[in-house]
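**Q** Chain residues, written in single-letter form:
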Amino acid sequence: MPDPNETSSRPAVAEITLATSRDVVAARQAVARILKERGLSAVRITRFATAVSEITRNAIVHGGGGKISIYLDDRSEYLRVECRDEGPGIENVTLAMSDGYTTAGGLGRGLGGAKRLSHGFEVRSAPGKGTTVSMSVKL
Amino acid sequence: MTSINLVENALLVSIQDDVTDTEIVELQDTLSNRIAKENVKGVILDISSLEIVDTFVGRVIAQLAGISKLLAAETYVVGMRPAVAVTLVELGMYLPETRTALSLTHALTQLRRA
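Residue numbers (the working numbering), protein chains in the order written: chain A, 75 to 213; chain B, 24 to 137.
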């Protein structure tokens, strides 16, 4: 089975700059559209589009904006979304992923929830170095 | 655009899929004022256009319901897509102050009895 987080040699299918909440809508709609074209069920599209919504909103609220890139792996078995920001980064990724942990007054369910709604999920972050979330869904 | 219409003794709010965070915060403001001014018994949130409900939108719905309750109006959520319900449970969102009705007719019937 291919590693859904491996870097694809293919160029991104789409890239969207994240600056305002309007871009969160654009990002999740773009992902949903691609998954729909691939014939995924409504539940699977909704689950993954919700995860994308959580992560892109985080990039805007916590990371001061960023960018998402959408990739298909070489064998088109996975759709991978990479969301990058240049924000303050996350000190303790494990803690941030636990339900109920929040720094912005939200419910603290976003990051852990997004992980549950994705097939592959990886967070790379360090204080001062920004955050990159890579998440994938099986096609 | 999100619209608010008076239907019988309730305010019917249709939330559109492309609603932004900014608009949804404005909606809280507008809706709370109209509940108080128009003395309605209920608020019906029609979310049938929403393809997803993430934790932010979920929290806004919960807050709208909380505000309505303090202003003596019951909140009904209608038109939730099955895929959205599945996802909300996975996110751990239970929208405690809201009642769900499968349709607008169902919500209005319950509000007439209120």
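Wrong hints could be hidden among the right ones.
With a cut-off of at most 16 angstroms between alpha-carbon atoms, the simulated EDC-like pairs for lysine to aspartate or glutamate come out as follows [as the list claims (entries may be wrong)]:
1. A:K141 / A:D173
2. A:K189 / B:E74
3. A:K110 / B:E74
4. A:K189 / A:D173
5. B:K92 / B:E113
6. B:K92 / B:D40
Hints are computed from structural coordinates only; laboratory data are not their basis.
**Q** For this structure, which hints from the list above don't hold up?
**A** 1, 2, 5, 6
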